[in-house]
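One line per chain: the protein sequences are A and B, in this order.
Mapping of the first sequence onto our numbering: residues 1 to 615, in sequence order.
Mapping of the second sequence onto our numbering: residues 616 to 966, in sequence order.
A hint or two may mislead.
In silico BS3-like cross-links for lysine-lysine, where the CA-CA straight-line distance does not exceed 25 angstroms [to be verified]:
#1 Lys960/B / Lys34/A
#2 Lys252/A / Lys631/B
#3 Lys351/A / Lys480/A
#4 Lys446/A / Lys631/B
Don't read these hints as lab results, they were simulated from the structure.
Residues per chain are reported as follows:
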Amino acid sequence: MSRVAPIRAVNDFVVKFANVNGSGSASANLLFAKAILRMGVPVAPRNIFPSNIQGLPTWFEVRINEAGWRGRRGGVDLMVAMNPQTWDQDLKEIESGGYLFYDSTKPLPASKFRDDVNAVGMPLTEICNREYTDARQRQLFKNIIYVGALSALLEIEPEAIAELIGEQYKGKEALLKPNVQAMHMGRAYAENNLDWPLDIRVRRTNAVRDRIFIEGNSAAALGCVYGGATVAAWYPITPSSSMAEAFARHCKRFRTEPATGKARWASVQAEDELSSIGIVIGAAWNGARAFTCTSGPGVSLMQEFIGLAYFAEIPAVIFDVQRGSPSTGMPTRTQQADLLSCAYASHGDTKHVLIFPEDPKEAFEFAALSFDLADRLQTPVFVMMDLDIGMQDWLCDPLSWNDKRRLDRGKVMTYEQLEAGKEFGRYLDVEGDGIPYRTYPGTHPKRGSYFTRGTTKDRYARYSEDGATYVDNMQRLLRKFESAKQYLPEPVRRNAAGASRFGAIYFGSTSPVMDETLAALHAQGVHLDTLRVRAFPFHDSVMDFISEHEQMFVVEQNRDAQMRSLLINELVVEPAKLIPILHYDGTPITARFILREIGEKLAMFNVTPLRKVAP
Amino acid sequence: MTYLAKPRLHHPDLPKNKLGYTHRDYEGAVSTLCAGCGHDSISAAITQAFFELDVPPHRVAKLSGIGCSSKTPTYFLGNSHGFNSVHGRMPSVLTGANLANRDLIYLGVSGDGDSASIGLGQFAHALRRAVNMVYIVENNGVYGLTKGQFSATADKGSKSKRGAINNDQPIDLVMLALQLGASFVARSFSGDKTQLVPLVKAAVLHRGAAFIDVISPCVAFNNHAGSTKSYDFIREHNEAVNRLDFMPARSEIITDYAPGSVQEVVQHDGSVLRLRKLHDDYDPSDRIEAMDYLLQRHAAGEVVTGLLYLQPDATDLHAALNTVDAPLNALRESDLVPGSAALEKFNASLR
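Start from the sequences, fold in the hints, and give me the full structure.
Below, the structure written as C-alpha cells:
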C-alpha cells in the first residue's frame, strides 16, 4: 500500500498507456478515450509514437478534464504499464499518490515498484493465454481486456464502450461479439479480484456538449474540399501523409460525380516534394485550386519552386505539418520550428504569407481560406500546422460553413473582358494594390496569352534584363505583400481583468495551453494581456499591442525564438522588449511550463502574484 | 539568328488551314538562339505541325524547363500560354497543368541537360504516369547556355570543342522512355524536317505519354569532328527504320506504296498512321523487340530514328485517376463545395 494518500479526483486526471508499437494498442486506447467522451466528459488524448512500425515503445496519454482544457497537463496519475522495455521510465513519471496498472502474470521484485504509488496488478497474459489459442488474438484482446478492467477501476460505463465497439464493427458480427466479450471479461475480473473503483473516477456529465472529436489533418483536408481544391500532390512524410489520405477519403464521399462515379478531384503521390510543388504550381497556373501537404524537410526541397511561384505570381497552397527539426530530427514529435524557413522560403528577396491555425476547427477554416488567399494574392500561402494539431484527436466546436460564401478566385480576366478589349498586362498594377490580373490558359484565341517565366519581365510579361524594370516589379511585389494584410485573419487579443504592463504573443497549437495558463494567472491575480497571432505578414494591431506594453513574452515551440525574430525583423521592435518563452523538446507545450517560465520572469520584474504560482 | 522584328503584314494569299489561320498564327517571337541552331529547325517543325493539324493555337499549353531548348517555346505558338519553369522540372508543372484542364494540348519542351541530368527523375515519373502530352527533348549532348560542358547524353569517347573526352556512359532517353512505359516513342533529327513534322503531328494526336528525342546539333559547342551529335555525324549514321508519311483519318490517302511496305496503325481518335517501313525487320508495336533492336544498332554505331514504339490503345493519367470528363478547373462551385448540410452530417459522425 502506498505510503502517501492516494490521489483523489473526479473528471480531472491523466492516464498514460505504455505499449509496444504495432501491438494493436492504439485502437483500444482510443476506444478508452472515446468512451469517456460518450459520458460527456472532455478528454485530450495524445498519441506519442515512435518512428517505427513494430517493436519500439509507444505511449498514449489521455487527459480527462471536465473543464475542457485541451493542452497536455504534464505528469501522470494512472500509468497503464504494458511495455516492460520502458517500465523504469514509466514508473518514474507517476505523480506521488498515483496508480500503476500492470500485468502481474510474472512476479516482479519489489524494486520495480514505488512505495508512493498504488500498484494494481492483473494477470493479463495468463488470462489471454487461457482464453485464446491464436497468438494474434492473445495480443489484440489483451488490449480490450485491460480497457474492460479500467472501466471498473475508473467507473467508465461499460455500455459506452460496448456502443463504440458496436459502431466500429457494424456489420462485422464476427469481430463485434468477441470484442465486447473481451471487454466484459476484463471488467468482470476487476470486479471480482481487484479493489475497485480507484479514487480517480469518471462521472457522467454534459461538458462535451455538441463538440466533435477530430484530427487536424482530417479537418484541414476537409477544408481543402470546401475551399474548392481539385488537385493535390504530395510525397509521404510524417506527420502530413494522413492529410493527403484524408483528402482522398473526403473526396470519395463528397466529390464523386453521382451519375458517373467519376472523380471531381485528382490526387497524385509524386516522386518527391519537388514534383509535388511543381504539380501544384502547374495546376494553379492552369486555373485549378491545388495544394500540397508536407513537413519541414519537404519545404526545404521545394525552395526553388517556391521562389518561382513568388516571382511569377502563381497561387500555391502548402500545408506544413511541422515536426521536430532540423534534418530528420524527431519526425514523430511536434514543434513550431519552420517559421523562418517558410516566411522567407527560397533564394533572393522573398516573403510569403503564413497562417497559423490553433486547432482542427481552425485548420478546417484556414484550409478553405488559404485557397481564396492564394488566388486573391497570386502567391504561395503556407498553412502552418504541427504534429500536435495534425495527428492528434482534438475536441473542437463543430465545423461550420456559410452556404452564402463564394470562392474568391481573385483577379482573373475572362474571355468576355478580353473580347471587349480590356487592357491585359500580366504584371500590370491596375488597382494600385500590387495585385495584377491573370488569364487562364486557353481563354481567348487572340488575346490574353502570356509567357510565364522565372526571369525578370516587364508589366506585360515580356522578358527583360533592365534594372529599372526589375526594381519596378520587386516594388510592386512589396505593395502586394502589404495588401495581403487586409485579407488575412486578424490577431485575437484578450485583455486581462486589470491593467497590465505585460503582454504575451503566441500562435498555433500553443493556443489551448495559453487559455489554461491565463485562467491560472487570473486565479493568482496576475494580469497579462495576450495576442494570438494568426497570420504573417503581421496585421498593424500586432505592433500596436507591442507598443502598448512594457514587456512582451513571445511563447513558441522552437529553440531559436523564430516568431520573435520575425517580429523584430518585420516590425523593427527593440529586441530587449521581447522575452522568449521557448519549449522545444518535441512534446507539446504545457500550461505548467508556461506558468513556471512566466512566473520566474515576472519575479525578475518584481511582480508579486497575489497567490503563489503553482509548481 | 536575327534581331530584326518580323513584319506584321504578310501576303494576303498565304495559305490558311481549316480554321482560317495562316502559318504566321502559329509562329512566335524571333529566336535569340545561334544561327544554324538545330533547335530553331525543331521550332519550325512544331509550327508547321500545329498549322497542319488545324489546332487553335490558344488551345495549346507549351511548357519548358531551363536551357537553350527551354527558351524555344517563345519562338513558336505565340498565341499559346507558355511556362518557362525551373531547370529539370517541366514534367511536374506540365503534369499539374494537365490535371487542371484535360482539354488543352500539352507540349513539353526540354533539353538533354534538363531531362537527362537534373530532371531525370521528373522525366521518368511523368512518362510512367502516362501524362497525356508531347514531350520533346532537343538533344545536343552539351550545355549550351553555360558554354559547352558535356551533358549526360554525350556518347562515351566523344570529344568536346575544347578537346576533352567524355568518360561517362551516355543516357539514352529513348531506351529509358521505352522501359518506363511511354506509349509513343520516337527519335528524329532536327535536320530532317520531313521525318520530324509527321512525328510531331502523330504525337499530338496520341493519347498518353508521347516522347520524341530530337538530335539537334549545337553549332556553337558541339558541331566539330569527334562529336557524335554534329550535323555531319548524324547525317552519316542516321538509320531511319520507318517514315511516317501521312496521318489523320479525314483526308484522302494519296501516297502509293509497294505492298507489304506500309503499316497502318489506328489511334484512339480514329486517325490512321501510315508507316513506310524502311527496315523489314522492325516492328514498332513490339516494345521488347524495339529495345533489343535499338541496343544492337547502337552497338553498331548507328543512330536509329523514326517511330520506334507505338501503343495505339494507350490511356492516360486521367483515365487512371477516373477524373470527370469536364476539366477540373471548370467545375462549378456547387460541384466542389459540399455545403453546410453535409458538414452537419460529418460533424454528427464525430461525436
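Next item on the list: Hint by hint, work out which the structure violates, then give me just those numbers in ascending order.
Entry: 2
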